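Peer 1: Chains as they are written, first to last, in my numbering: chain A, 738 to 1140; chain B, 23 to 201; chain C, 400 to 576; chain D, 876 to 1044.
What the hints contain is simulated information worked out from the structure, not anything from laboratory work. Keep in mind that this is a model prediction, so the values were computed, not measured. A virtual CB, placed ideally from N, CA and C, is assigned to each residue, including glycine. All the pointers check out, no bait thrown in.
Dumping the calculated EDC-like pairs for lysine to aspartate or glutamate here, alpha-carbon to alpha-carbon at most 20 Å:
hint	chain 1	residue 1	chain 2	residue 2
1	A	Lys-919	A	Glu-1031
2	B	Lys-42	A	Asp-935
3	C	Lys-507	B	Asp-161
4	B	Lys-173	B	Asp-161
5	A	Lys-1094	D	Asp-1033
6	A	Lys-1094	B	Glu-92
7	B	Lys-188	A	Glu-920
8	B	Lys-45	A	Asp-938
9	A	Lys-1000	D	Glu-947
10	B	Lys-180	C	Glu-560
11	D	Lys-916	A	Glu-959
12	C	Lys-561	B	Glu-163
13	C	Lys-430	C	Asp-567
14	B	Lys-38	A	Glu-937
15	D	Lys-907	D	Asp-1010
16	A	Lys-776	A	Asp-788
17	A	Lys-1020	A	Glu-930
18	D	Lys-934	A	Glu-803
19	B	Lys-192	A	Asp-938
20	C	Lys-497	A	Asp-790
21	B	Lys-192	B	Glu-49
22	A	Lys-958	D	Glu-947
23	C	Lys-507	B	Glu-159
24	C	Lys-507	C	Glu-466
25	B	Lys-192	A	Glu-920
26	D	Lys-916	D	Glu-948
27	A	Lys-1089	D	Glu-936
28	B	Lys-160	C	Glu-565
29	B	Lys-173	B	Asp-146
30	A	Lys-957	D	Glu-947
31	D	Lys-967	D	Asp-933
If the Cβ cut is set under 7 Å, some of the chain B residues that face chain A in the computed set are:
hint	residue
32	Arg-30
33	Pro-32
34	Gly-35
35	His-36
36	Lys-42
37	Met-53
38	Asn-67
39	Val-88
40	Pro-90
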Amino acid sequence: MSEKVYNIDDLQNINVEGEKYIILQIGPSHPGSGHMRLKVWLDGDIIVKVDPDIGFVHRTSEWLSERREWIKAVPIVERIMLPDTVHANLAYVLTVEKLLGIEPPPRAQYLRSLVAEINRITSHLYGIGIFGIFLGSSTVYMWAFGDREPFIDLMEMLTGARITTSYIIPGGVRWDLPNGFKERAETVLQYMERRLKDYEDIWVKNPVVQARTINVGTLKKEDAIRLGVVGPNLRASGVYYDTRKHHPYAAYSNLDFEVPTMKNGDSYDRLLIRVEEIKQSIKLIRQILKDIPEGKIIADQIYNQLNPVMKKNYEEKKRVMFPAFMIHMRPPAGEASAKVEAGRGEIFFYIKSTGDKYPYRFRWVTPSFRNLPYFTHVTVGHRLADLPTIYGSIDYFPPEADR
Amino acid sequence: MSEVRKPRDPLTGHVKALAKGFKYLVEPNRMTLDYPAETMKLPPNYRGFFTVDDKKCIGCSMCEMVCPPEAITMVPRIIGEGGKTIPAPEGEKEVKGPKRTKRPVVNWGKCIFCYFCVDVCPVDAFIPTQVHDLAFEKDSEYRPSYEDYLKPPEEPYKNSKKVISKADLKRGVSYEPAP
Amino acid sequence: MADAEGLIYLGNLDDVAKKALEFLNKSEFIKKTLSWGIDFSLWPVHLMTSCCGAEFAAAASPRFDLERLGFLPFGGPRQTNLLVVEGTTTIKMARVVKRVYEQMPNPKWVIAMGACAMDGGIFFNSYNTIVAREYLPVDAYVPGCPPRPEALARAVLLIQEKIKREKDALLGVKNEH
Amino acid sequence: MNIKDELSKISTNLVIDEKRANYKIIIDEPSKLIDVANSIKNLGFDHVVSVTGVDYPDKIEVIWHVSSYSSEELKGIDLAISMTVKKPEPLKQTDAQGNINVNRPPVTVPSLVSVWPSGIFSEREAFEMFGIIFDGHPDLRYLMLPEDFYGTWPLRKDFTYQKPKVFIE
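Let the sequences and hints guide you as you build the complete structure.
Peer 2: Right under this line is the structure:
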């Protein structure tokens, strides 16, 4: 920690003009920085100020979605949040369903939760693997990315794509559970539970990791609330808030799960909370596969519009095809907002419709964007060598923040 | 939950980590797919390259309308006198005079494999395949003409061993020969 | 003495080097060895331009393990010879990509990975994106959004074939015939 | 605590959409904004989720979505604070080549960063996308777009774009 005390609270007012600080530009071509640039002011090797320069992956998703038919925004929001595709898809569809006034049937709700939880595990493993790279441990990267594959295989079996699933549509989902899914999922879950014990020895409780992460990048509870950070990072700071509990969507109101919280809010806690959430997701997947009700996977309003060829396909292959309604969807005028807990935190959608074939205003906020204060506030006072630790521990995904 | 956070003392911590590493050195869980020598046969609903059934298609343009990246363009297809764009398929020989209709062509340089077009087709005319590993050397190659598009996509490594992936309790993913 | 002065090009080392290079370049053995060496050491620069980087990472992970093909992501552009444009490049990013490409030593290759890098994909009409072909000479295109890691492996194999095919051009001096 | 009563005490312009669980406070006078925001904060809404604008032909609506982490009762509620400002007339200029350049002036609203520091990046984004100048924002700069986009305000409805001709020097 630095000898000089820097006032974290009004960081933006720090005058760096006249002082003799080293200015270091990290990124965007840098193995650690991903697709963003960090402008760091250094006093010796103590970080005085960090100015994140984002926007290298700003792909104008809001602008594009306001100029396309409603259904075409589903792939767009997925591509923005690549490790959390299902959640982005779900959040958008929930908002559109609120505008349309459609309620999906219970089986579809459970399927949505199922895919979301599988996706959450892959997302956390992705985060843990990248954190490993940041700390210089390629073993963990190899482990986490390898263990992501059985779950991606499950997603592929159910939805037909590795990552960009486009699985959830207004009114329901596109495919039903295939044969043999439950047995395969059980095998994968048992495998993951066994591996999590190995992770503990080689990574989570490794003294090197503990030495590099404990008391690094601490964000206290009141600061976390004030800065409005989201997701596992918020819960690592001790705030009990999870959108699945407080804004229940899909099947989460019928499911029994815990929301793990930590106390200290440092990098080590942010690592632990991801491991704990993987355990909770494993529990949830078991529960969903046990409780999943029989029935339709698409709302009646959509089902009735299918033509005979599509209905035959639905009965034989359990595959929902799109009626012409999907292209010409015009939700009634009004505004709606929805929140979904993705792997990295809370997605917020606000959509305004004027009853036209395009959304009038399409606004969404992604978790990584709301975690930006970590760079400006938490890094201050640490040594430069701690910056990768903090960056890796908040699981920041730049394309998601830039939208 | 805070009982998880108990710093381990360095000696046992290092020993345990090294022991675990040694365990995986002796008994590795290998999940590598030896790619060009063995290729994966993907599940039947996998969204790979696709082609269209010329006889089933009615030229309604629904796929063009739903395509999010606007990768599908409808090209004219003329049968009969004058038009030579497409040779008339069998069973349509009795057509007199030019018969104009439209057919979809996909630009692989824009396609995102969401299969909205396949699902919106009212006559289910698209033929999905599980071909997933194509790459092109020139930018003209991935914009096929309608005649080229009608041919089903060719797998690059036809003679390789076909495997399917399987969940494995010990290794996570294992492979077995495709049926 | 006078004869010797005629034989040795004193003070004209550039000429000697050029002649030696031309001699080496004509030798079939050298060319084969060189292309064989390069095609199994295609090191991509560790530059993520967009979300296809997630599948790029999966391609380097144990399941697909492109290190088998000599594909090892590396940090500094000076040590690499392959640039993978992973998905969309925004205008802000393209300037960086171009600079990184210029820093890489010759010979170098470019893979345009994903629909966005090929013809724009789903972001084709955005005001802030640009396709790879407009600012870089692309050697292989990989369709998909994102492409499967196998498809990236296929592109690497394509580039290996290309290196073997165009082994004459590897030393930077073209052969006359 | 009855949230509806508490909110209607703060402002009379409270719109509630029961079906979609939307709460929206409409502010008619810019001078009241900070006072209302402070009383909302004292109620327990402690962070900003999103700051954005909605562009209409003659006006811009600025919306702050706020929510709560600390109060157990308010965790499930999203509150929108909306303020509408009139857009100034766009200035048309004809340059030497005869091209008509439309200069679209920005609008000004008070900033709420002093109340909710969590809105600092969102307000910068709203500034570059809509041309909303947040009066009192400590660091109002471009966030995502390159500086040469200045003055175009991409998310306004009259934004037209041309692919840049000269791209890399």
